[in-house]
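Number of protein chains: 2
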Amino acid sequence: MRNKQTGEQANGQTDMPKLYVALTHYPVVNKKGNVIASALTNLDLHDISRAAKTYGLKSFFVVTPLEDQKELAERIISHWTDGFGGVYNPHRRNALELIRIRDSLSAVYEEVAAEEKSYPVTVATCARKYPTSISYKEFRAMLDSGKPYVLILGTAWGLAEEFISEADYVLEPIAGNSDYNHLSVRSAAAIIFDRLLGKK
Amino acid sequence: MRNKQTGEQANGQTDMPKLYVALTHYPVVNKKGNVIASALTNLDLHDISRAAKTYGLKSFFVVTPLEDQKELAERIISHWTDGFGGVYNPHRRNALELIRIRDSLSAVYEEVAAEEKSYPVTVATCARKYPTSISYKEFRAMLDSGKPYVLILGTAWGLAEEFISEADYVLEPIAGNSDYNHLSVRSAAAIIFDRLLGKK
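Residue numbers (our numbering), protein chains in the order written: chain A, 96 to 295; chain B, 96 to 295.
Here chain A stands alone, though its shape is the one from the complex (with noise of 0.2 Å):
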């Protein structure tokens, strides 16, 4: 029996898919192919945290080792959530609610491992396709299933091919209908979401 309100069965499961995203900024390599931690961007959080609010992402993940990073992270958020900012423009500040900066990709696992008592299915993604790829028709099902996911999406010129390897899941490119295929990692969260999450 499910309570019209909250979405929520009688049992506390409740329906709505059960997907994380995660911004990784390390390990992402940079336009060589080394591997980097690539600096914060101010836009990604505010971009990304809408769009995750606007298609019920359960949180948005902000990966960074660095800690003048997270620092960063944590003043941009505070602005808005419990500054002047937070009053003038309360939709940002509902959206970067959603935002937990951590360490590590690994942090992130055992943290909605401990929240959802099951470890999340991992699905990386990456503009190459790879034998374990998966369409987005395929992960919309998934998300059926009521099992924890979390997406990872990389910055500067992608996620580190370590990381890519050891995700469960890769997410087939997206392919707009051109040869071109660079867009920025908000727009192809945006897109992703949508594909995913949005009404039929």
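Quick caveat, the hints were computed from the structure, so don't treat them as lab data.
It is possible that part of the hints are untrue.
[What the hints assert, rightly or not] In the EDC-like style, the derived pairs of lysine to aspartate or glutamate whose C-alpha atoms are separated by at most 20 Å in a straight line are: (1) A:Lys-224 / A:Asp-274; (2) B:Lys-295 / A:Glu-261; (3) A:Lys-295 / B:Glu-233; (4) B:Lys-295 / A:Glu-233; (5) A:Lys-224 / B:Glu-267; (6) B:Lys-295 / A:Asp-274; (7) A:Lys-294 / B:Asp-110; (8) A:Lys-294 / B:Asp-274; (9) B:Lys-153 / A:Asp-274; (10) B:Lys-294 / A:Asp-198; (11) A:Lys-294 / B:Glu-233; (12) A:Lys-153 / B:Glu-233; (13) B:Lys-294 / A:Glu-169; (14) B:Lys-294 / A:Asp-274; (15) B:Lys-242 / B:Asp-110; (16) B:Lys-224 / B:Asp-177; (17) A:Lys-295 / B:Asp-110.
[Stated by the list, open to error] Simulated coverage check for chain B against chain A, where a stretch passes if three residues somewhere in it have a Cβ under 8 Å from a Cβ of chain A: (18) 142-149; (19) 237-248.
Yeah, the Cβ is synthetic: ideal placement off N, Cα and C, and Gly gets one too.
With chain A's structure known, arrange chain B on it following the hints.
What follows is chain B alone, placed relative to chain A:
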């Protein structure tokens, strides 16, 4: 008869949709509903041009009547098209080359009409529904007609009412799967292009 290389038909017509996008900085409304000219956002130019290039749009018009804002836009674009940036990252150059900076929407319509030998159909975007609202499916089918279309995006708190009511159609709002609907214009543009032009 169609040339497979270029997609052009023998009569010079192409079967690619003729979709143009215009990002409007005037007249838009601020939080209080007053009509203003909004300031340019650097990442709007980058993100929307990259998404427009990915989805095969014909051009990306940036509309502002303010001289200093036009100069700012020119500087951003030329850094990536003529300067060091164009050599360092040709993908950005290819995308930013789609941008044309113009004073007004009427200047945009006249230019498209001259180029296409047909006055464009105009489609505004808004977070509310209108009597002239069309669905994504309807707009997608209309693009197959071969007519030129201008999709109008607003900045700040959205397009001024007069411009929405003057458009031929209004595109239905993007519904995520929550009550929250405050996407950035960059995210909204990416989702709209994907819904209208993404491969099915």
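Hint by hint, here is what the structure shows:
Annotation: proposed proximity of Lys-224 of chain A to Asp-274 of chain A holds, straight-line Cα distance about 15 Å (limit 20 Å). As the CA atoms of Lys-295 of chain B and Glu-261 of chain A are separated by approximately 30 Å, the hinted pair breaks the 20 Å bound. For the hint linking Lys-295 of chain A to Glu-233 of chain B, the alpha-carbon distance of about 14 Å falls within 20 Å, and the restraint holds. For a cut-off of 20 Å, the pair hint linking Lys-295 of chain B to Glu-233 of chain A stands: about 14 Å separates their Cα positions.
Taking the CA atoms of Lys-224 of chain A and Glu-267 of chain B, the gap is about 33 Å. The hint is violated against a cut of 20 Å. Using a Cα cut-off of 20 Å, the hinted pair Lys-295 of chain B and Asp-274 of chain A holds, with the two alpha carbons roughly 16 Å apart. Distance hint between Lys-294 of chain A and Asp-110 of chain B is unfulfilled; the C-alpha atoms sit about 29 Å from each other, more than 20 Å. With a C-alpha separation of about 12 Å, the suggested pair Lys-294 of chain A and Asp-274 of chain B falls inside the 20 Å cut-off, and the hint holds.
Distance hint between Lys-153 of chain B and Asp-274 of chain A is fulfilled; the C-alpha atoms sit about 14 Å from each other, no more than 20 Å. In summary, the hint linking Lys-294 of chain B to Asp-198 of chain A is not supported, as the alpha carbons are separated by about 37 Å, beyond the 20 Å threshold. As the CA atoms of Lys-294 of chain A and Glu-233 of chain B are separated by approximately 16 Å, the hinted pair is consistent with the 20 Å bound. For the proposed pair Lys-153 of chain A and Glu-233 of chain B, the alpha carbon gap of about 32 Å is over 20 Å, so the pair is violated.
Annotation: proposed proximity of Lys-294 of chain B to Glu-169 of chain A is violated, straight-line Cα distance about 39 Å (limit 20 Å). Distance restraint check for Lys-294 of chain B and Asp-274 of chain A: the Cα-Cα separation of roughly 13 Å lies within the 20 Å cut-off, and the hinted pair is therefore satisfied. Restraint check for Lys-242 of chain B and Asp-110 of chain B: satisfied, since their Cα atoms lie roughly 10 Å apart, inside the 20 Å limit. Restraint check for Lys-224 of chain B and Asp-177 of chain B: the C-alpha separation of about 42 Å exceeds 20 Å, so the hint is violated.
With a C-alpha separation of about 27 Å, the suggested pairing of Lys-295 of chain A with Asp-110 of chain B is violated against the 20 Å cut-off. For a cut-off of 8 Å, the count of residues in the stretch 142-149 of chain B with a CB near a CB of chain A stands at 5, and the three-residue condition holds. With 0 residues bearing a CB less than 8 Å from a CB of chain A, the stretch 237-248 of chain B misses the requirement of three and the coverage assertion fails.
The structure does not agree with the numbered hints 2, 5, 7, 10, 12, 13, 16, 17, 19 stated previously, though it agrees with the rest.
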